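Take each chain as given, in its own frame, and dock them per the hints.
Chain by chain, the residues:
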Amino acid sequence: MRLIEFWLNHGGEFLSAILRHLALVAASTGVAVALGVPLGVVSYRSPRLGSPLIGVANVAQTIPSLAMFGFLIPLPLVGGIGAKAALIVLILYALLPVMRTTVSGLKGIDPAVREAGLAMGMTDRQLLYQVELPLALSAIIAGVRVATVVGVGTATIAAAIGAGGLGEYIFRGVASVDGTVILAGAIPAALLALIADFALGRMERRLAPGRSKSSSSRVGLAIAIAAVALVLIVSGLLWSDRARGRIVVGSKNFTEQVILGELISQLIERRTQLKVSRKLNLGDTLVCDTAMRAGDLDVYVEYTGTALTAIFKQPVRMNVDEVKLIVEACYSITGRTMLAPLGFNNTYVILVRNEDARRRGLKTISDAVQRMPGLRAGFGAAFLDREDGYQGLVKLYDLRLAETPRAMDLSLIYRALADQQVDLIAGDATNGLIAKLDLFALEDDRRYFPPYHAAPVARTEVLDRHPELRAIFNRLAGVISDQEMRQMNYEAEVERRDPASVAQSFLARHPEILATSEVMDR
Amino acid sequence: MEDKSAAIEFDNVTYRHAGGTLVLDGFSLAIGRGETLALVGRSGTGKTTILKLINHLLLPQSGAVRIEGRATSEWDPIRLRRRIGYVLQEVGLFPHMTIGRNVAVVPRLEGWPEDRVSARVDELLNLVGLDPKTFRDRYPRELSGGQRQRVGVARALAVDPPILLMDEPFGALDPLTRAEMHREFHRIQSQVRKTIVCVTHDMGEAFSLGTKIGVLSNGKLAAFATPAEITRSNNPEVKIFLDALPKPAVQTAQ
Numbered sequence: 005m006r007l008i009e010f011w012l013n014h015g016g017e018f019l020s021a022i023l024r025h026l027a028l029v030a031a032s033t034g035v036a037v038a039l040g041v042p043l044g045v046v047s048y049r050s051p052r053l054g055s056p057l058i059g060v061a062n063v064a065q066t067i068p069s070l071a072m073f074g075f076l077i078p079l080p081l082v083g084g085i086g087a088k089a090a091l092i093v094l095i096l097y098a099l100l101p102v103m104r105t106t107v108s109g110l111k112g113i114d115p116a117v118r119e120a121g122l123a124m125g126m127t128d129r130q131l132l133y134q135v136e137l138p139l140a141l142s143a144i145i146a147g148v149r150v151a152t153v154v155g156v157g158t159a160t161i162a163a164a165i166g167a168g169g170l171g172e173y174i175f176r177g178v179a180s181v182d183g184t185v186i187l188a189g190a191i192p193a194a195l196l197a198l199i200a201d202f203a204l205g206r207m208e209r210r211l212a213p214g215r216s217k218s219s220s221s222r223v224g225l226a227i228a229i230a231a232v233a234l235v236l237i238v239s240g241l242l243w244s245d246r247a248r249g250r251i252v253v254g255s256k257n258f259t260e261q262v263i264l265g266e267l268i269s270q271l272i273e274r275r276t277q278l279k280v281s282r283k284l285n286l287g288d289t290l291v292c293d294t295a296m297r298a299g300d301l302d303v304y305v306e307y308t309g310t311a312l313t314a315i316f317k318q319p320v321r322m323n324v325d326e327v328k329l330i331v332e333a334c335y336s337i338t339g340r341t342m343l344a345p346l347g348f349n350n351t352y353v354i355l356v357r358n359e360d361a362r363r364r365g366l367k368t369i370s371d372a373v374q375r376m377p378g379l380r381a382g383f384g385a386a387f388l389d390r391e392d393g394y395q396g397l398v399k400l401y402d403l404r405l406a407e408t409p410r411a412m413d414l415s416l417i418y419r420a421l422a423d424q425q426v427d428l429i430a431g432d433a434t435n436g437l438i439a440k441l442d443l444f445a446l447e448d449d450r451r452y453f454p455p456y457h458a459a460p461v462a463r464t465e466v467l468d469r470h471p472e473l474r475a476i477f478n479r480l481a482g483v484i485s486d487q488e489m490r491q492m493n494y495e496a497e498v499e500r501r502d503p504a505s506v507a508q509s510f511l512a513r514h515p516e517i518l519a520t521s522e523v524m525d526r
Numbered sequence: 003m004e005d006k007s008a009a010i011e012f013d014n015v016t017y018r019h020a021g022g023t024l025v026l027d028g029f030s031l032a033i034g035r036g037e038t039l040a041l042v043g044r045s046g047t048g049k050t051t052i053l054k055l056i057n058h059l060l061l062p063q064s065g066a067v068r069i070e071g072r073a074t075s076e077w078d079p080i081r082l083r084r085r086i087g088y089v090l091q092e093v094g095l096f097p098h099m100t101i102g103r104n105v106a107v108v109p110r111l112e113g114w115p116e117d118r119v120s121a122r123v124d125e126l127l128n129l130v131g132l133d134p135k136t137f138r139d140r141y142p143r144e145l146s147g148g149q150r151q152r153v154g155v156a157r158a159l160a161v162d163p164p165i166l167l168m169d170e171p172f173g174a175l176d177p178l179t180r181a182e183m184h185r186e187f188h189r190i191q192s193q194v195r196k197t198i199v200c201v202t203h204d205m206g207e208a209f210s211l212g213t214k215i216g217v218l219s220n221g222k223l224a225a226f227a228t229p230a231e232i233t234r235s236n237n238p239e240v241k242i243f244l245d246a247l248p249k250p251a252v253q254t255a256q
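Sequences listed follow chains A and B, in order.
If you read the first sequence in my numbering, its first letter stands for residue 5, the second for the next number, and so on.
If you read the second sequence in my numbering, its first letter stands for residue 3, the second for the next number, and so on.
Think of the hints as simulated: they come from the structure by calculation, not from any bench.
There may be inaccurate statements among the hints.
[To be verified] For each label pair, taking beta carbons as the anchor points, the in silico distance ranges come out as: (1) T213/B <-> R206/A: 32 to 42 Å; (2) V46/A <-> R44/B: 37 to 47 Å; (3) P115/B <-> A203/A: 31 to 41 Å; (4) N220/B <-> R210/A: 48 to 58 Å; (5) A246/B <-> V46/A: 45 to 55 Å.
[To be verified] Here are the simulated EDC-like pairs of lysine to aspartate or glutamate, each with C-alpha atoms no more than 20 Å apart in a straight line: (6) K135/B <-> E125/B; (7) K111/A <-> E92/B; (8) K135/B <-> D124/B; (9) K54/B <-> D114/A; (10) K54/B <-> D128/A; (11) K54/B <-> E119/A.
Given the structure is predicted, the values throughout are model-derived calculations rather than measurements.
Built from N, CA and C at the ideal position, the CB exists for glycine as well.
Bound-form chain B, shown alone (with noise of 0.2 Å):
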């Protein structure tokens, strides 16, 4: 059922900050069709670059990021961007759009008819656990956290991109929320399918939600496996991660 073609790939990737910082070091990745890769790295190892790498926003200085086998300078760079959901951290909520028109934002950049815009934000809210007739008109700065976090992810599916992008996505909101939304997040990509490749510092969340999970260390690939292969490795930039978590965590992904 998997695709062979890679959806991402990172063939032997190098990126420098303008100020110099080496960030990527010959970096290398390959990520199926419908695959979930959790990143896990400290702060400033380059997650956040990796993904910005993807959709364009920033290119290597030498090698190549492919989407869908095709390398992403040449790509249009918008085409691809509407290709790639993207939910970030902060969430970047249009503050001045009620909930319903920054879901419809890129159906609306596509040209989409009125209609099938308005069906699909009701479609999308129902999806995240939002009810429309509540929220569509709300804006941003009315709802909490995690109900702005189900936005987020509502607006980054809306033109059902084959690729989401998620940068930390639940990493401001409280640990009962956070476990709903991993739920949500199973709930929702058993409906959707998506390649996803999800960034996070918490070795906990990187369990819950990949298929796969990438350890970044250095600017390399420390780690690149399943899960439970993660827990057996005896790597100590991996054994940080783990000695990190409490032990139930462990024992369940075992």
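Chain A on its own, in the form it takes in the complex (with noise of 0.2 Å):
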């Protein structure tokens, strides 16, 4: 059983995992019992007051978890990246169901018992807490249980935004298309929910009125849980307190760049004093880059064609040191700095089978082009379609081909290569299938492919605070050719290592980078 043994290898981390998973939730839930059954209470007492309350909280509702992340990630105070502001997320969740059933509990109380209780002479508040919250408790504990396991779900979720739990394998694992990795997160999740469910359900029995013991002991649960909740919130206030000092460490959701996230990150801890916290998986090319205005992220690895394009918004260029130069001076007017690249270019490479290389003495694509008459073509979907995928690349090189080349899926497109069925396709330049299945990439030798070269980028503030930063990234200028690139990718897609053993091993075969050098420190 793989999923068992990840289990195993992963024990420390996936405890940790489950814990800050369970934190979460319990945090979350804590102040919305806290602020939900309030407003529950305003709510019944104050029908004008609480249809308004109700509205808003249903609107919040409706909104959808990940849109709702995205929405805060821009924002002051609030938003970010991180567990502050999947907390609010997780509390917005769990507001509507604990507010509702309050209400719903509190007006399901007999009237008579009601009256009976303001005839003896009960005060307001006499009443509430002797009468109608007691009276209330089952029907708020169903809130809490809906609340709880809604939570455990949209915690899952919380990990997109770098907060951790048990979410972040599931990314991993959709991202590295590793089914195990999905089921070592979706698992737990699904037992934790459960198991929540089923707790809650029992207490919500026990406590359905007239049948458990005296109300004092119902009190005193009740302390118990608002006690415990307290706790959590105070560590998670002081957990994110303890996170600032900490150099943020970040990646995009994809196997190369959590690699990488943990190059940098082991870099850091190995070469400086500073605490290194990783926020890797955690999304695309722009939920990077909006963390990394807001502060919430210090550092992560870009590459100098998508920076050009998907963030900055200018026109393809071709010139690597043109676009390197307008990348480098759009990160430093907007606070930024981009590091030296690492030396591979992450752009498209046009692959055939090392073999036919040898045999026709093949280097560039005009090469191919000229000596492969007839050849047949595979190529991604997203590569046909695009202007400046096959079309131009057909017209640049004047390439002609026996038949329409075939749409294949990114992922089997390489071992259809390996096994004849087409013989030659654009492939990723640092897939780590490209050794392992002999396949050999041609030089784009009319430069028709935009430079994809990768570099650390980050908050200029944050080097300026730790300047020894600045060298230590500089140490990894140029250490990481393509070839390097595609045997770490190889090591986790493929072997299934853990990105940060990958990492491990790039640097104890390259033992330069964490030597001490008295000139390079200073």
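Okay, here's the thing in structure tokens:
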């Protein structure tokens, strides 16, 4: 069972993911109860105030969670990435069920009972605490139950903004198309939801009016729950407090990025006294960029071409140095610094079988066009459609194919080439399968594909505050060749090794990066 | 032996429901200490409204309701209500509390020490004929209707209030249980001597319980007299109720 093996191998990390998940749900549900019950009481006592309150909670409930996380990222104070923003979203979701059931629980009380309380000379407060709330308690617990189960589910999505928890495995698994890793997060999340549902269901029945022991034990229980929630909230706050002094390292949500994020993190940890907070697997380019602009992310690896077009909305350019200069300038005026490129260029490459390349002496795309008449090609659907993909390639290189190129899934295309189903494909320059399947990347001799050189991007403010970081990051300049990156991707994707250990092996292969050098550190 | 100043007095009271329906129209009435007034009237004639005016759950639009010589509007409602026991028709026991705790509610609100509360609970349960050992730790839903009604009476008497209000207290009981409760009522009243206002739509019950009987009609008192005087009344409003009675009951009352 790969799944059990995975859990055993990631024991500590797995346990802390569960704890973090639980803490997120417990803290958010705790706050939702602390807010929702009083709001429910207010809504019940004053329907004029109540219906708009319920309305707002209702609207909050209808916003898809991923969208809500997205809205929160650019907001000051409440927003950003990490546990704080996740807690806010989770609280908003938990609020409605708690408020609703509080109101309906209170409304469901026999009017004669309430009247008896009043006639006996109870004050409003006494009536509320001695009669109304105890009678509504099982309904309120039912709301807490719904809120908790929903919370366990929503908290998995919180991993998208770096809040951690079991969702991290799910996202990591989806990104690397690894079902085992998805299940490693999804199964415990589902179990947590079931356990919470069962436990709170029992509690709900136990607290049904006129069934349980004396009401003092019930109050005691409520206090205990409140105390636990409070402890969790406080520790949660301290937790993010501690995170403040740390360097926050991020990455996008695919394997190569996670490996590079790990690499940078480990480098900082091993060469400086600074603490690192990993926000790996964050999301796409824009999520990382927004988080960085908001100051929630200190450093991550970006690709020059992506920065040029996707972040700074500039037209595509071919010249490597030109692209680098423009992107450096754009980053620098937005308070960031692009550091020395790592070496590899993660652009499209045109691949043929190594055997063909050797036999026919192919080095460049032009060689292949001339010496491989009647070749069959396979491309990914996106590449086929894009003007700067297949169509431009045909024009620039005067490529003539024996048959219309086949549209293929990107994950299958490398194997299709190796298995001789096609003779030429467009692939990812750093894909781990290139070496494994003995494929050859042809040189783009007419400069058709724009450069996508990977380089760490850091907030300038952080580099100024910790000058040693600049030196550390520069140690990575040019050390990761296309070959090296393919190797690391291969280890993570095909051999399914942990990105952290892949990064560790890389550093072991390149002792010069970690070597103490007085000159460089000064 | 009867104190001269009235325990409860309605002085030209007018009360309208929020909807505008006139319920009481220049209603006046005085109840002496230790008396049991049985108020009879059809449904919707404002019997419950009268009880709620007495314990300040409602305030009159004009006129005054005086308790021990002081208008209800001048009382602190919480203090006033704790001097007035209230037995509801639906009993209104707190379902989440044991019988013992139900009876102990007002003593606890009054801040009695626990040992005194528990002694009082046992005393009251004995008074209403429920064995404390058997019933103290049970929940209301485990009791029969008659037993619940006894608990309701015990709860209302908990801090020995001078006044007791009863809103059709035995209406939901079967005739045998009801007769038994009437006997219990007399036994208890002979021990506690409260000023009691009990509303009912049943003239038989009124004869059985009241030292005075008030007949309500059109927002006013159509009659207010001792049971014996009521039977001799020629007032048509009173006659309607008398005619509804089985003959032996009338003779008993005479």
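Does the alpha-carbon distance linking K135/B and D124/B stay inside the 20 Å limit? Holds. K135/B to D124/B sits at ~8 Å (cutoff 20 Å).
Supplied distance hint 32 to 42 Å, evaluated on CB atoms of T213/B and R206/A: violated, 55 Å
Given the hint of 45 to 55 Å, is the C-beta distance from A246/B to V46/A inside that range or not? holds, 49 Å
Below or equal to 20 Å on CA atoms is what counts here, so check K54/B against D128/A. Within the cut-off at roughly 17 Å; holds.
Just tell me: holds or violated, for the beta carbon distance of V46/A and R44/B against 37 to 47 Å? holds, 40 Å
Quick one: are N220/B and R210/A within 48 to 58 Å, going by C-beta? About 52 Å separates the Cβ atoms of N220/B and R210/A, which means 48 to 58 Å holds.
Straight-line Cα separation of K111/A and E92/B no greater than 20 Å? holds, 18 Å
Should the hint that P115/B and A203/A are 31 to 41 Å apart at their CB atoms be regarded as holding? holds, 38 Å
Holds or violated: K54/B with D114/A, Cα cutoff 20 Å? holds, 18 Å
Run the distance test for K135/B versus E125/B: straight-line Cα separation, threshold 20 Å. holds, 11 Å
Taken at face value, is the distance from the CA of E119/A to the CA of K54/B at most 20 Å? Answer holds: K54/B to E119/A is near 10 Å, not above 20 Å.
In this structure, only the earlier hint numbered 1 is contradicted, and the remaining ones agree with it.
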